[in-house]
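Work out the full structure: start from the sequences and follow the hints.
Protein sequences appear in the order of chains D and C.
The UniProt record's numbering puts the first residue of the first sequence at 1, with every later residue one more than the last.
The UniProt record's numbering puts the first residue of the second sequence at 1, with every later residue one more than the last.
Each hint should be verified, as a subset may be incorrect.
[Claimed, not checked] List of simulated lysine to aspartate or glutamate pairs, DMTMM-like, C-alpha gap at most 25 angstroms:
#1 D:K111 with C:D7
#2 D:K145 with C:D7
#3 D:K242 with D:E267
#4 D:K209 with C:E105
#5 C:K161 with D:E12
#6 D:K62 with C:E252
#7 C:K248 with D:D258
#8 D:K16 with C:E105
#9 C:K179 with D:E184
#10 C:K6 with D:E187
#11 C:K161 with C:E174
#12 D:K47 with D:D258
#13 C:K8 with D:E184
#14 C:K286 with D:D176
#15 C:K248 with C:E38
#16 C:K128 with D:E122
#17 C:K161 with D:E187
#18 D:K145 with D:E122
#19 C:K180 with D:E12
#20 C:K6 with D:E68
#21 C:K286 with D:E122
#22 D:K265 with D:E68
#23 D:K4 with C:E174
#24 C:K218 with C:E174
#25 D:K10 with C:D257
#26 D:K145 with C:D257
#27 C:K179 with C:E93
#28 C:K35 with C:E252
#29 D:K209 with D:E184
#30 D:K54 with D:D258
#31 C:K218 with C:E252
Everything labelled a hint here was simulated from the structure, so no lab data went into it.
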Amino acid sequence: MERKQIARIKNEYLGKTYSIICGLLIVIITLSIIFFIASQGLSLFIKNHYPISKFLFSTIWKPDAGPEAGGPQYGVMIFITGSVLVSLGAVLISTPVAIALAIFMNFISPKLGTRVLQPAMELFVGIPSVVYGWVGVTLLIPLLKSMFGGIGFSLLAGIIVLSIMILPTITSISSDAIRAIPIEYVEASYGLGATRWQTISRVVVPAAKSGILTGVVLGLARAFGEALAVQMVIGNSINLPKSLLGTTSTLTSILTMDMANTVFKTEWNNALWSMALLLLLISFLFIVVIRIIGRRGEVK
Amino acid sequence: MNVRTKDKIATAVLYVISSAIVLLLVMFIGYIIIKGSESLNFRFLFGSSGVGGEGGGIGPQLFNSFYLLIISLLITVPLGVGAGIYLSQYAKEGWFLNLIRLSIETMASLPSIVVGLFGLLVFVIMLKMGYSMLAGALAITVLNLPAMTRVSETAITTAAKGVKEASLALGATEWQTIKKVILPSAIPQILTGIILAAGRIFGEAAALLYTAGMSTTKLNFKSINLLGKSSAFGLFRPSETLAVHIWKLNSEGMVADAVKIANGSAAVLVIMVLIFNLLARYLGRKLYYSYTGKK
Chain D
1 MERKQIARIK NEYLGKTYSI ICGLLIVIIT LSIIFFIASQ GLSLFIKNHY PISKFLFSTI
61 WKPDAGPEAG GPQYGVMIFI TGSVLVSLGA VLISTPVAIA LAIFMNFISP KLGTRVLQPA
121 MELFVGIPSV VYGWVGVTLL IPLLKSMFGG IGFSLLAGII VLSIMILPTI TSISSDAIRA
181 IPIEYVEASY GLGATRWQTI SRVVVPAAKS GILTGVVLGL ARAFGEALAV QMVIGNSINL
241 PKSLLGTTST LTSILTMDMA NTVFKTEWNN ALWSMALLLL LISFLFIVVI RIIGRRGEVK
Chain C
1 MNVRTKDKIA TAVLYVISSA IVLLLVMFIG YIIIKGSESL NFRFLFGSSG VGGEGGGIGP
61 QLFNSFYLLI ISLLITVPLG VGAGIYLSQY AKEGWFLNLI RLSIETMASL PSIVVGLFGL
121 LVFVIMLKMG YSMLAGALAI TVLNLPAMTR VSETAITTAA KGVKEASLAL GATEWQTIKK
181 VILPSAIPQI LTGIILAAGR IFGEAAALLY TAGMSTTKLN FKSINLLGKS SAFGLFRPSE
241 TLAVHIWKLN SEGMVADAVK IANGSAAVLV IMVLIFNLLA RYLGRKLYYS YTGKK
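Structural data, given as C-alpha cells:
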C-alpha cells in the first residue's frame, strides 16, 4: 500500500503540483507588479504630499526648480497629451491600411495573403523597436527636414514610426475577425447580386466591426506603451506640440531618459514612478475597454 | 458610377495598398542591411567596443545578447510550459482560472518600459542584484511569460486531442499521460513559439535599460564562474545587449563613429530576427506536414 502511495506521488502529484505552482506564479508576479509599482508610484502623493490633481492636470514640469523659482513642479499633462496625440495619430494612419490589408488577405487574394502579406506582417512584428527608432533617426528625420524644414524631430515623426509598428497588430486581429464571419453572410450578399466591393463594404466590414475595434484598441495600447522608438524621434522637449511638426515628449520617453538621472527615493524620482503607475493604470483601462467590446460583440 | 467599375477600382486600390506595404518592408530591411553591411566584418562583430576612439566592435554586446537570451529562456520555458499544462489539462472553470487568465492578459499588455522599471525596483534595488545579467533575464521572463504560456497551452490542447483518453484508459495517471504522450507531440509547436520569443528577446531594449544595464564589462572567457564579476558567464555583471547599445549610441554617441556602429548593430539585429523568423516558419511547415500528412 505504501509503495503504491509513493508511486502515486511520483507519477501524479509531483507534476500536478509543479504545474499548479506555475499557474499560481503568474498570478503572484502580476499582483507584485501592481503592488510594487503602486507603492512606489503613490509615494509622491503620500510621502511628499504632492496633490494628485496638480500632478495630472498641470502642464508645468520643473522637477529641478528651487523653492525661490516656485518649487519643484511635477505636472505631467504635457506628457499625457504627447502620448495621446502620438498614439491616436498612429492609429488614425494605421487603421485604414490595416483594414485594407485584412480584406485583401481574405477576399481579394488569399493566396498572396498567406504567402506574402502574412510573413511580411510577422517580420514587421519581429523588427526590434530600437531599429524602427534608428531608421527613423537616420532616414525619416532627414526626409521630414528636407520636406518641411525645421529640425525633423517631431510629433509627426513619432506618429509615422508608430503607425508602422502597430500595423501588424491591427491587421492580424482585423483579419481574424473578418475570417470569422459566417460564409452564409457573404454568399447571401453575392446571391442578391452584390458586387465583391459592395459585399465587403456593406456586409463584411460592418459584421467584423467589433473584432476590428479590438484590434484598434490593442494597436493603441501598443503605441501608448512604446518607449524607445518614440523617444528617439519625437524631440523630447518639455512643451505641448505647437503643430504636427513641433517637438514634444511622452510619458514613456521622459521615463526612459530621466530614470537614470535621478536618485532613488527623491521627490523627482518618485514623480517618475507615479508616471509608471499612470502607464500601468492606462494599460488596465485598455484591457477593460477590450473586454467591453468583446462582450458587446458576443451579445450580437 | 457603375457598381462594376466601382468594384474594379476598389480591387485595384487594395492591390496598390498591399503591394506598397510589402515594398515598404523590403525597402526597410534592404536599407538597414545595405547601410550596415560596410561595417559587417570580423573585427566589428567580435572586437570590443572602444570608448572615444574609432573602430569599436560589438563583440561583448553580441555575446551578452545571446547569453541573456539563453538565461531568460532557461527560466521562461519551464515556467511557461508548466503553466500551459495547468491551463490546458488540470484547471477547472472557476474563479482561480479566471484570475490566471486575467493575470496573463494584464501581464501581456504591460508596456515593456513598465516591466523594466518593475525589474529595476524589485530585482536591481530590493534584491540587490545591481544592473546585471540575471536582473535583465528575469525582467525579460516577466515580459515573455504570458506569450510562452499561451503558446504552450494551445500546443498541449491540440496535442492532447484523441490521445489523452486512450492513455488514461491504459492505466496511466494524468501526469504520466502529459509527460510521456502529450508533451512529446506538443514539443514542435512549443519550439516554434520559443524561437519567435527568442527573436523578441533579442531585440528587446526598453525592459533592459534599467535591469541589465547600459554598460558591459570586458569579457573574460577563462573563468566560468557564474557568480564572479569578471567572468564572461557571470550572472551579476552589468551586461548591455546589442539593442540597448543602439539606443545608447543614439542618445549619447560617445564614440566618433557612433553612426557607423549603430548601422552595423541594426543590421546584425535585423539579420538575427530574419533567421529566427525563417527558422520558426520552417519548423511550422514541418509540423503542418506531419499533422496533415501532406507533402
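Is K161 of chain C close enough to E174 of chain C, meaning Cα to Cα at most 25 angstroms?
Holds: K161 of chain C and E174 of chain C sit about 14 angstroms apart, inside 25 angstroms.
Between K62 of chain D and E252 of chain C, does the CA-CA distance stay at or below 25 angstroms?
23 angstroms, holds
Holds or violated: K111 of chain D with D7 of chain C, Cα cutoff 25 angstroms?
Within the cut-off at roughly 20 angstroms; holds.
Run the distance test for K286 of chain C versus D176 of chain D: straight-line Cα separation, threshold 25 angstroms.
23 angstroms, holds
Would the pair K145 of chain D and E122 of chain D pass a check requiring their Cα atoms to be no farther apart than 25 angstroms?
31 angstroms, violated
For the pair supplied as a hint, K218 of chain C and E174 of chain C, confirm whether the alpha-carbon distance does not exceed 25 angstroms.
Given that 25 angstroms is the threshold and the Cα spacing comes to 49 angstroms, the pair is violated.
Given hint E68 of chain D paired with K6 of chain C - CA-CA distance at most 25 angstroms:
68 angstroms, violated
Verify the proposed pairing of K4 of chain D with E174 of chain C, using a straight-line Cα cut of 25 angstroms.
16 angstroms, holds
Regarding the pair K209 of chain D and E184 of chain D, is the alpha-carbon distance no greater than 25 angstroms?
17 angstroms, holds
Do the alpha carbons of K161 of chain C and E12 of chain D lie within 25 angstroms of each other, as the hint requires?
20 angstroms, holds
Would the hint linking K35 of chain C and E252 of chain C be met if the CA-CA limit is 25 angstroms?
Holds: K35 of chain C and E252 of chain C sit about 21 angstroms apart, inside 25 angstroms.
Has the given pair, K180 of chain C with E12 of chain D, been kept, meaning a C-alpha gap of at most 25 angstroms?
Since the Cα atoms of K180 of chain C and E12 of chain D sit roughly 12 angstroms apart, the hinted pair holds (cutoff 25 angstroms).
Violated hints, in rising order: 2, 3, 9, 16, 17, 18, 20, 24 and 25; the structure is consistent with all others.
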